[in-house]
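*Asks:* In case you want the letters, here they are:
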Amino acid sequence: MDFLQPTSWADALAVRAERSDAVPIAGGTDVMVDLNFDRRRPGALLDLGRVPELREWTVEDGTGGVGATGGVGGSTVRLGAGVPYSRIIDDLGARLPGLAMAARTVGSPQIRIRGTVGGNLGSASPAGDAHPPLLAAGAVVEVESAARGVRRIPAAEFFTGVKRNALEPDELIAAVLVPEAVGPQQFCKVGTRNAMVIAVSAFACALHPDRRAVGTGIGSAAPTPRRAPEAEEFLAGELESAGLWESRGDLPDGLARAFGERVAAAASPIDDVRGSAAYRRHSLAVMARRSVTWAWAEYQQDLRKAA
Amino acid sequence: MRGRSGHSGPSVSTDAGTRPATTATTTPGRIGDSPLRPDGTLKVTGEFAYASDLWHDDMVWGVTLRSPHPHARIRGIDITEALTVPGVTAVLTADDVPGENAFGLEHADQPVLAVEFVRYEGEPVALVAADHPETARRAAARIRVEYEVLPAVTDPRHAMDDDAPAVHRPGNLVRHLQLRRGDQSVTAPVVVSLDVEVGMQDQAFLGPESGLAVPAEDGGVDLYVATQWLHVDQRQMCLALGMPPEKVRLHLAGVGGAFGGREDLSVHVHASLLALRTGKPVKMSYSREESFFGHVHRHPAWLTYEFGAERDGTLVYARARVLLDGGAYASSTAAVVGNAGTLGLGPYRIPNVAVDAYGVFTNNPPCGAMRGFGCVQAAFAHEALMDELADAVGLDPVTVRQRNGMREGDRNITGQLIDSAAPVAELLQIVADLPLPPQRDADADLRALPGSVGNTTHGEGVVRGVGYAVTYKNIGFSEGFDDYSTARVRLEMTGGEAVATVHTAAAEVGQGLITVEQQICRTELGVERVVVHPKNTAVGSGGSTSASRQTYVTGGAVQAACVAVRDVVLARAAASLGREVSQLRLDGEKIVGASGEVLTGLAEVLGEDAVEETREYRHRPTHAIDPETGQGDAHVQFAFSAHRAVVDVDVELGLVKVVALDTAQDVGKAINPDAVVGQIHGGSAQGMGLALMEEIVVTDGHVRNPSFTDYLIPTILDMPPMQVKVLEYADPHAPYGVRGVGEPPTISSGPAVAAAVRAACGRPLRRVPIRPEHITGT
Ligand SMILES: Cc1cc2nc3c(=O)[nH]c(=O)nc-3n(C[C@H](O)[C@H](O)[C@H](O)COP(=O)(O)OP(=O)(O)OC[C@H]3O[C@@H](n4cnc5c(N)ncnc54)[C@H](O)[C@@H]3O)c2cc1C
Numbered sequence: 001m002d003f004l005q006p007t008s009w010a011d012a013l014a015v016r017a018e019r020s021d022a023v024p025i026a027g028g029t030d031v032m033v034d035l036n037f038d039r040r041r042p043g044a045l046l047d048l049g050r051v052p053e054l055r056e057w058t059v060e061d062g063t064g065g066v067g068a069t070g071g072v073g074g075s076t077v078r079l080g081a082g083v084p085y086s087r088i089i090d091d092l093g094a095r096l097p098g099l100a101m102a103a104r105t106v107g108s109p110q111i112r113i114r115g116t117v118g119g120n121l122g123s124a125s126p127a128g129d130a131h132p133p134l135l136a137a138g139a140v141v142e143v144e145s146a147a148r149g150v151r152r153i154p155a156a157e158f159f160t161g162v163k164r165n166a167l168e169p170d171e172l173i174a175a176v177l178v179p180e181a182v183g184p185q186q187f188c189k190v191g192t193r194n195a196m197v198i199a200v201s202a203f204a205c206a207l208h209p210d211r212r213a214v215g216t217g218i219g220s221a222a223p224t225p226r227r228a229p230e231a232e233e234f235l236a237g238e239l240e241s242a243g244l245w246e247s248r249g250d251l252p253d254g255l256a257r258a259f260g261e262r263v264a265a266a267a268s269p270i271d272d273v274r275g276s277a278a279y280r281r282h283s284l285a286v287m288a289r290r291s292v293t294w295a296w297a298e299y300q301q302d303l304r305k306a307a
Numbered sequence: 001m002r003g004r005s006g007h008s009g010p011s012v013s014t015d016a017g018t019r020p021a022t023t024a025t026t027t028p029g030r031i032g033d034s035p036l037r038p039d040g041t042l043k044v045t046g047e048f049a050y051a052s053d054l055w056h057d058d059m060v061w062g063v064t065l066r067s068p069h070p071h072a073r074i075r076g077i078d079i080t081e082a083l084t085v086p087g088v089t090a091v092l093t094a095d096d097v098p099g100e101n102a103f104g105l106e107h108a109d110q111p112v113l114a115v116e117f118v119r120y121e122g123e124p125v126a127l128v129a130a131d132h133p134e135t136a137r138r139a140a141a142r143i144r145v146e147y148e149v150l151p152a153v154t155d156p157r158h159a160m161d162d163d164a165p166a167v168h169r170p171g172n173l174v175r176h177l178q179l180r181r182g183d184q185s186v187t188a189p190v191v192v193s194l195d196v197e198v199g200m201q202d203q204a205f206l207g208p209e210s211g212l213a214v215p216a217e218d219g220g221v222d223l224y225v226a227t228q229w230l231h232v233d234q235r236q237m238c239l240a241l242g243m244p245p246e247k248v249r250l251h252l253a254g255v256g257g258a259f260g261g262r263e264d265l266s267v268h269v270h271a272s273l274l275a276l277r278t279g280k281p282v283k284m285s286y287s288r289e290e291s292f293f294g295h296v297h298r299h300p301a302w303l304t305y306e307f308g309a310e311r312d313g314t315l316v317y318a319r320a321r322v323l324l325d326g327g328a329y330a331s332s333t334a335a336v337v338g339n340a341g342t343l344g345l346g347p348y349r350i351p352n353v354a355v356d357a358y359g360v361f362t363n364n365p366p367c368g369a370m371r372g373f374g375c376v377q378a379a380f381a382h383e384a385l386m387d388e389l390a391d392a393v394g395l396d397p398v399t400v401r402q403r404n405g406m407r408e409g410d411r412n413i414t415g416q417l418i419d420s421a422a423p424v425a426e427l428l429q430i431v432a433d434l435p436l437p438p439q440r441d442a443d444a445d446l447r448a449l450p451g452s453v454g455n456t457t458h459g460e461g462v463v464r465g466v467g468y469a470v471t472y473k474n475i476g477f478s479e480g481f482d483d484y485s486t487a488r489v490r491l492e493m494t495g496g497e498a499v500a501t502v503h504t505a506a507a508e509v510g511q512g513l514i515t516v517e518q519q520i521c522r523t524e525l526g527v528e529r530v531v532v533h534p535k536n537t538a539v540g541s542g543g544s545t546s547a548s549r550q551t552y553v554t555g556g557a558v559q560a561a562c563v564a565v566r567d568v569v570l571a572r573a574a575a576s577l578g579r580e581v582s583q584l585r586l587d588g589e590k591i592v593g594a595s596g597e598v599l600t601g602l603a604e605v606l607g608e609d610a611v612e613e614t615r616e617y618r619h620r621p622t623h624a625i626d627p628e629t630g631q632g633d634a635h636v637q638f639a640f641s642a643h644r645a646v647v648d649v650d651v652e653l654g655l656v657k658v659v660a661l662d663t664a665q666d667v668g669k670a671i672n673p674d675a676v677v678g679q680i681h682g683g684s685a686q687g688m689g690l691a692l693m694e695e696i697v698v699t700d701g702h703v704r705n706p707s708f709t710d711y712l713i714p715t716i717l718d719m720p721p722m723q724v725k726v727l728e729y730a731d732p733h734a735p736y737g738v739r740g741v742g743e744p745p746t747i748s749s750g751p752a753v754a755a756a757v758r759a760a761c762g763r764p765l766r767r768v769p770i771r772p773e774h775i776t777g778t
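Protein chains in written order, with full-length UniProt numbering: chain U, 1 to 307; chain D, 1 to 778.
Hints listed in this document are in silico derivations from the structure and should not be mistaken for laboratory results. Careful, some of the hints might be misleading.
[Stated by the list, open to error] Distance windows between CB atoms, simulated:
#, chain 1, residue 1, chain 2, residue 2, range
1, U, A277, D, P165, 28 to 38 Å
2, D, L436, U, A297, 23 to 33 Å
3, D, P437, U, E157, 44 to 54 Å
4, D, S707, U, A297, 33 to 43 Å
5, U, A147, D, E47, 45 to 55 Å
6, U, A94, D, L436, 36 to 46 Å
7, D, T84, U, G49, 37 to 47 Å
Owing to the predicted nature of the structure, the values given are computational and were not obtained by experimental measurement. Quick reminder that beta carbons are idealized off the backbone N, C-alpha and C, glycines included.
Next up, chain U with everything else stripped away, as it sits in the complex:
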């Protein structure tokens, strides 16, 4: 097996185009498991660890062509595909709170130091913890090939099947463009142990008061990570019609619960060794209800702070 170590993004793309038998490796926390279990025997490993562009995050101002769901006039974090979870936790807790909360739940300290969002997207597991907050925030995945250049794929379109994504064979993930939070975000993950656990189910939500929208992301409860669009529209509509975006008044009784039920309805979970389909659905309803309650309380709190 060859071990290829390009030191620039251009070289990495060139190698990717030439070596269709190469498997990219970032933190290696999924790739090495696959190799150890003999699930893959690639002709080469394409190590992205020496590509400086992937290890950085920057803030881009304005609309910047980030895509339909990007923040209106807000800033966007351009998160290099190779930024490890530990840095997301340290650096981005305020700008990308949902993603940082999710990052805190990934594996163990060792895994958080190695593992990356690019790798999470590359694996595209329905249980990948970065996915729900990216969906809720309306993030866009930036991929690139030497032949065709850059493509920007909304996170919601990136996951195409169980552990499959929209990446073409000659493409690499460059970055994720995540609109900076303009409202509260939450992430919840159920596992049967209190650390180092793969999600039995997970849920992320984001309030976007700037565009009076609600974002959601569901993990481990469908063949792919997915949004709950009906729940999003339902909640945003209820908030709108009651004038709550402006008033920041209390949520009407039962609204959070009704939102939770719609989130649960959006899932299509299965029974497996980690949990039953019924429990997954149930837990999503609970997590959605609780997290939106916390998010709303924070939104109310923000006003008091501002006042």
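Starting from the structure of chain U, add chain D with the ligand where the hints point.
*Replies:* For chain D with the ligand alone, kept in the frame of chain U given last:
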């Protein structure tokens, strides 16, 4: 891990007089001290050489081809293609086993390599040796085995049905233990009953099975291996290899945990066969996944219990039926049934008893020894039922247990006299009186909440529950087994310093036996430097590192050998000093008189000579139980422990945070108090693991989670700090008064946690591990 009370040493000391005045009083690192273990720093820094680190310059690698089917007939095995893979040095099947193709701890019923049938998923079928493990694996994949898949028995509840396929002839019963005591027709005003199910736990030791077999010039083999009992391995290897014991020499390699999972053979015969065939050293090392198929597990159990009691909660009778799934081969199932049957009603006084305990064959993974050995499963049933009884008669869980708790002088359900301390009521009182953890702060860190950083609750749905459990466990081998250990101790001057060398074959598996051996030598011989000889079969059997027995039995052998050495030395000193032997003592490399005055140096007495003595130690004999009534003195010693668990349960999501897991245990005498507390911490964590998460999920005979991704063991965020109270009620029949320590915490912690979860969520929760969906009822 250490709890906040990690250094809380023994809190009660009743050992006055158990230490003879003949022993050293000034040498550091004696009995009762906590000298550091020599392997501790190495393990923490990653430098300790485990069996998986074994290396030989010309070695080749062995791998095992295993059955993908729970039950199948082997129609044919074609190895020709595998042999053509470059780098392959041998491919072996059942035809290549020179001795008897059979092994087993109690019955040699398991083929070294499958012949005609495979009876469980993962059963070894063929072996490959090659110059690289990857080459060996690829070659193994080219062995063509033609299987005819057969119907499998995978539900042990139907294993004894008339129409169940027979896993072995004549049938699927491994052992039925029938126990009857007292009046069988007695009735009681209060009756409680329940059914409990216990899932299959794994030992989950962190160092997978590994060994290195080196062919020797005499045609024999030297095997370096991680194991629990070198001599029982040797006996089984001799049978399979068709060789006498002199030619099958075993050496203990670095053991990364055991917990019962290394009592049965793993790589032993396989690596030796390959080494003898290739003439080269052969290393075999299982991956984590293979390890799940490479050792026995804790028996899953189905238990039906009924208690009859007076209105004040005093037990009148107990009836119990226990079914253990033994899987495809006997392993130690019969002995586990023995424990579940004779000890399965817990440490209570019960005059009228009927117990039927069964172990059955199925085509599930073989089950055998694991820490707690039959008592763990039973404790979930008798402790849950005790709580039911408490409810039924309006008592609290502590009082009802105390009212029925066994006391010294009682007879247990097999009629055996409890002839040393049985502080059931006291242990319960101690844990009940320990301070409870404070209520959770409103702004508690997420890690203090159920779900932890998963951020699933900020307090919503969280209910606190408290639960109690108490247990007793037999120490040492039972039911008439000739249980002994051997020690050789040598005392000599080396470079002007007195050095004792202690040689036993007793396996150090991480429990700290090496340190205990050193402490005994220092105490008895009064020398500071004690070398622990590598463990091997060049000395007599040390017996098994299981049944919490090594400090007791090998400790007894080391003591006896030391006393024999000391007697020789003191006799010489007495002769040269012209004094009575009884007036002399060894202390700090000196011969001292009755009042501690130094009479001469050890160097002067020993000169150039080495004094060496070998002794065997046997605990008092145990006896078979009566086949009709189950009555008899089955066990030699009993150890008692109690736990109190405090949990916070998110009752809406079914997630649990164990807030406190406090315990009290009688250890007779804490030879090494730090090590005792370490055993109690680890055992408690393992018991809690079974209550909340640890289960090998088997569906239709197939293991669905053979990895640490989905076989979950507790992490530091699952295990709370512990308050540990150690009692020392010396057992007058045991060396230094010791009582086995390792197993009781594993037995009483799980049921206490389960009880606490029940108390919090109000559901019966009759199955462990308790999963989130059991708590939420979804
Ligand atoms: C012990 C352990 C615990 C874990 N716990 C969690 C957990 O709690 N939550 C969770 O979500 N995951 C968990 N994981 C899985 C893993 O850590 C994550 O999926 C992580 O995000 C992978 O990142 P990586 O950089 O290590 O990816 P790698 O293993 O390097 O790569 C993963 C995949 O992505 C591809 N890839 C990587 N970078 C790129 C790129 N720039 N362009 C194109 N393709 C790319 C690779 O080819 C590969 O297919 C755990 C893994 C382990 C071993």
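*Asks:* Under the constraints set out in the numbered hints, which ones does this structure not fulfil?
*Replies:* Violated: none.
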